[in-house]
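Visitor: Please arrange chain B on chain F, whose structure you already have, making use of the hints.
What follows is each chain in one-letter form.
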Amino acid sequence: MVRDTGAIELNRLKALSRVGMGRCQGRICGAAAAEILAQATQQPIELVGRLRGQAPIKPLPFAAVQAAAEEVA
Amino acid sequence: MKERVSTQVAIIGGGIVGASAALALRRMGLRVALLERDFCGSRSSGVNYGGVRRQGRPLEQLPLAQRAHAIWGKLPELIGIDGEYIRSGHLKLARSEADAAALEAYRQRSLGHGLGLQMLGQRALHERCPWLGERAIAGSLCPEDGHANPRLVSPAFARAARALGADVREQTRIVEMARDGEHFLLRSDNGLEVRSRFLLNCAGAWAGRIAEQFGEPVPMTSGHPVMAVTEPLPLFMDLSLGVEGGGIYGRQVQRGNCVIGGGRGYALDDERARPASDAIAKTMHQALELLPALRGASVIRCWSGTEGYLPDHQPVIGFSATTPGLIHAFGFAGAGFQIGPAVGEVIAELVRDGLSATPIEPFAITRFNTSTAAPTGRALTTAD
Numbered sequence: 131m132v133r134d135t136g137a138i139e140l141n142r143l144k145a146l147s148r149v150g151m152g153r154c155q156g157r158i159c160g161a162a163a164a165e166i167l168a169q170a171t172q173q174p175i176e177l178v179g180r181l182r183g184q185a186p187i188k189p190l191p192f193a194a195v196q197a198a199a200e201e202v203a
Numbered sequence: 005m006k007e008r009v010s011t012q013v014a015i016i017g018g019g020i021v022g023a024s025a026a027l028a029l030r031r032m033g034l035r036v037a038l039l040e041r042d043f044c045g046s047r048s049s050g051v052n053y054g055g056v057r058r059q060g061r062p063l064e065q066l067p068l069a070q071r072a073h074a075i076w077g078k079l080p081e082l083i084g085i086d087g088e089y090i091r092s093g094h095l096k097l098a099r100s101e102a103d104a105a106a107l108e109a110y111r112q113r114s115l116g117h118g119l120g121l122q123m124l125g126q127r128a129l130h131e132r133c134p135w136l137g138e139r140a141i142a143g144s145l146c147p148e149d150g151h152a153n154p155r156l157v158s159p160a161f162a163r164a165a166r167a168l169g170a171d172v173r174e175q176t177r178i179v180e181m182a183r184d185g186e187h188f189l190l191r192s193d194n195g196l197e198v199r200s201r202f203l204l205n206c207a208g209a210w211a212g213r214i215a216e217q218f219g220e221p222v223p224m225t226s227g228h229p230v231m232a233v234t235e236p237l238p239l240f241m242d243l244s245l246g247v248e249g250g251g252i253y254g255r256q257v258q259r260g261n262c263v264i265g266g267g268r269g270y271a272l273d274d275e276r277a278r279p280a281s282d283a284i285a286k287t288m289h290q291a292l293e294l295l296p297a298l299r300g301a302s303v304i305r306c307w308s309g310t311e312g313y314l315p316d317h318q319p320v321i322g323f324s325a326t327t328p329g330l331i332h333a334f335g336f337a338g339a340g341f342q343i344g345p346a347v348g349e350v351i352a353e354l355v356r357d358g359l360s361a362t363p364i365e366p367f368a369i370t371r372f373n374t375s376t377a378a379p380t381g382r383a384l385t386t387a388d
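Line order of the protein sequences matches chains F and B.
Each step along the first sequence adds one to the number in the numbering used here, with nothing skipped, and position 26 is 156.
Each step along the second sequence adds one to the number in the numbering used here, with nothing skipped, and position 163 is 167.
In case anyone wonders, no lab produced these hints; they're calculated from the structure.
The structure presented is a predicted model; accordingly, all values stated were derived computationally and were not measured.
Cβ atoms here follow ideal geometry from the backbone N, Cα and C, with glycine treated the same way.
Treat the hints with care, since some could be wrong.
Only pairs whose alpha carbons sit at most 25 angstroms apart, straight line, appear in this in silico SDA-like list of lysine to any residue [claimed, not checked]:
1. 188(F) <-> 307(B)
2. 188(F) <-> 120(B)
3. 78(B) <-> 146(F)
4. 286(B) <-> 197(F)
5. 188(F) <-> 278(B)
6. 78(B) <-> 116(B)
If you anchor each label on the Cβ, the simulated ranges turn out as follows [stated by the list, open to error]:
7. 105(B) <-> 171(F): 53 to 59 angstroms
8. 188(F) <-> 221(B): 40 to 46 angstroms
9. 193(F) <-> 260(B): 16 to 22 angstroms
10. 202(F) <-> 138(B): 19 to 25 angstroms
11. 177(F) <-> 141(B): 37 to 43 angstroms
12. 172(F) <-> 128(B): 56 to 62 angstroms
13. 148(F) <-> 134(B): 28 to 34 angstroms
14. 188(F) <-> 260(B): 17 to 23 angstroms
15. 139(B) <-> 131(F): 43 to 49 angstroms
16. 199(F) <-> 118(B): 37 to 43 angstroms
17. 270(B) <-> 174(F): 32 to 38 angstroms
18. 70(B) <-> 134(F): 34 to 40 angstroms
19. 141(B) <-> 165(F): 51 to 57 angstroms
Okay, chain F solo, but in the shape it has when bound (with noise of 0.2 angstroms):
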C-alpha cells in the first residue's frame, strides 16, 4: 500500500494517502507513518523526513475566531 504511491518522503505520503490529514495533523500518527514509509522503502528513518508543520498547532474552532473579533470590535 505505501510502496504503491511511489512516495520515498513523508510529505510525498501524506499527499497520496491523506496520512497525517485528519483530525490529529499527524501529531499522533506522523511518527508512525515515518516508521511504516522507512521500512516499505528500505531507508534509514532519518531520511523520509518528517511532516511540515502546519498552523493551528490544534483545532481552531470559528466561535473562538469569531469571540476574538467581538472583544477587539
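Guide: What follows is chain B alone, placed relative to chain F:
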C-alpha cells in the same frame, strides 16, 4: 554521477501545465523529458484551492477554459483517476447592488462562450441555497463548473505522462541552461545533462528567471493565498462558492471537509510561503458570515503556496521572442488549475505544428515589451 539524456522536448516544471504538456507530447509520439526540482504537482498545482472554474475569467481565457472543460470531462480516461472532480456548479455571490450589476455585466459579456451563466435574485438564491448567510443578495451560477482535489490531480498528470514513456525526473533542479547551436543544453544539480530541440518553461512562480536568462525578463511577482480546511462536517454545501470582488471562496468535499480560502499569506523564503495568522482569522470570520453552518466547526489545517502574477493578471503562453524553440507557459495569477490541462495541450501543439487552433495571442510575452524581436516558431521536423 553523470548521465546524459537526449530528447526532442525538455520541460522545466512538473506542475499541472508542464505535466499535461508532457502527456500531450507523448500522445503525439514525441520524446519528452519532464524536469521537476521537487515532486511533480507538489507546489501550487497541488496545494491550490481546487476550483475548476471558468466563470469570472477574463474573456481572453475562455477559449482555453472551454477546451480545458472538455479535458476535465474525460479525466479518468486521461490520467487514470477521477481526482474527486465534480461538476457541482460554481456560484459567484454579490454582497451589494453594484456587485450584482457587475455579475450581470459579466454574464452578458461572456454570452456566446458557452458558460451557461444563470443570475439568481435574492429570493431564488436563498431558496436554492438555504445554507447561505444573509449578506448575499444575488448570485451568478455556472452549473457546469466545479471542483477537484489538486493534491491528486496534478501528480496524476505526471504519472500518466511517465506511463506513456515520458522521462520524468523529480528532485532534479536545473542549474545551468544554454543554447548549443540548434539545441538546448540543461544541467541539473544531480549530474543530469539534457539536450533538447525544444524547451518548455513551465516553472510557475519561478519561470521569470528562465525567461530572463534568455533575454526577456517579465515583471512577475509572487502571491501567496491563505487556505484552510475544516474537520469533516455533515454535507450541506453542494456548490463551489466565490464572491464578486474576491476575498473569500469555499467548497465542501465529499468526505465533508470544507476548504476555504481568502486573503494573503507571506513568503517565508524564495520557495516557501505561510498563511498569516491575522489573515487566517479574517478568512474564518468572512467564511462564517457566508456559511453560518461553520459556527460549531473547527479549522484543522492552514497552508499557503507560491503563485506567479503578471501585472495584468494574465498568463504568458507562447513562443519566446528571443530564442527559437523556447516556449513559455506561466504566470496564471492564482487561476491556473482549471486551464492548465488545456495549456499543456496548446504548447504541445506549438511544438508539433508551430501554432495552435486555440487563440493565445493575448498572452504573448511581447506585451511587456522587454524584447523587440518578433515571436519565433518552428514546428518539429522529422529530422529532429
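Visitor: Run every hint past the structure and note whether it holds.
Guide: Right, here's what the structure says about each hint:
{"no.": "1", "hint": "188(F) <-> 307(B)", "verdict": "14 angstroms, holds"}
{"no.": "2", "hint": "188(F) <-> 120(B)", "verdict": "42 angstroms, violated"}
{"no.": "3", "hint": "78(B) <-> 146(F)", "verdict": "21 angstroms, holds"}
{"no.": "4", "hint": "286(B) <-> 197(F)", "verdict": "12 angstroms, holds"}
{"no.": "5", "hint": "188(F) <-> 278(B)", "verdict": "17 angstroms, holds"}
{"no.": "6", "hint": "78(B) <-> 116(B)", "verdict": "23 angstroms, holds"}
{"no.": "7", "hint": "105(B) <-> 171(F): 53 to 59 angstroms", "verdict": "57 angstroms, holds"}
{"no.": "8", "hint": "188(F) <-> 221(B): 40 to 46 angstroms", "verdict": "45 angstroms, holds"}
{"no.": "9", "hint": "193(F) <-> 260(B): 16 to 22 angstroms", "verdict": "19 angstroms, holds"}
{"no.": "10", "hint": "202(F) <-> 138(B): 19 to 25 angstroms", "verdict": "22 angstroms, holds"}
{"no.": "11", "hint": "177(F) <-> 141(B): 37 to 43 angstroms", "verdict": "55 angstroms, violated"}
{"no.": "12", "hint": "172(F) <-> 128(B): 56 to 62 angstroms", "verdict": "60 angstroms, holds"}
{"no.": "13", "hint": "148(F) <-> 134(B): 28 to 34 angstroms", "verdict": "31 angstroms, holds"}
{"no.": "14", "hint": "188(F) <-> 260(B): 17 to 23 angstroms", "verdict": "20 angstroms, holds"}
{"no.": "15", "hint": "139(B) <-> 131(F): 43 to 49 angstroms", "verdict": "46 angstroms, holds"}
{"no.": "16", "hint": "199(F) <-> 118(B): 37 to 43 angstroms", "verdict": "42 angstroms, holds"}
{"no.": "17", "hint": "270(B) <-> 174(F): 32 to 38 angstroms", "verdict": "34 angstroms, holds"}
{"no.": "18", "hint": "70(B) <-> 134(F): 34 to 40 angstroms", "verdict": "35 angstroms, holds"}
{"no.": "19", "hint": "141(B) <-> 165(F): 51 to 57 angstroms", "verdict": "54 angstroms, holds"}
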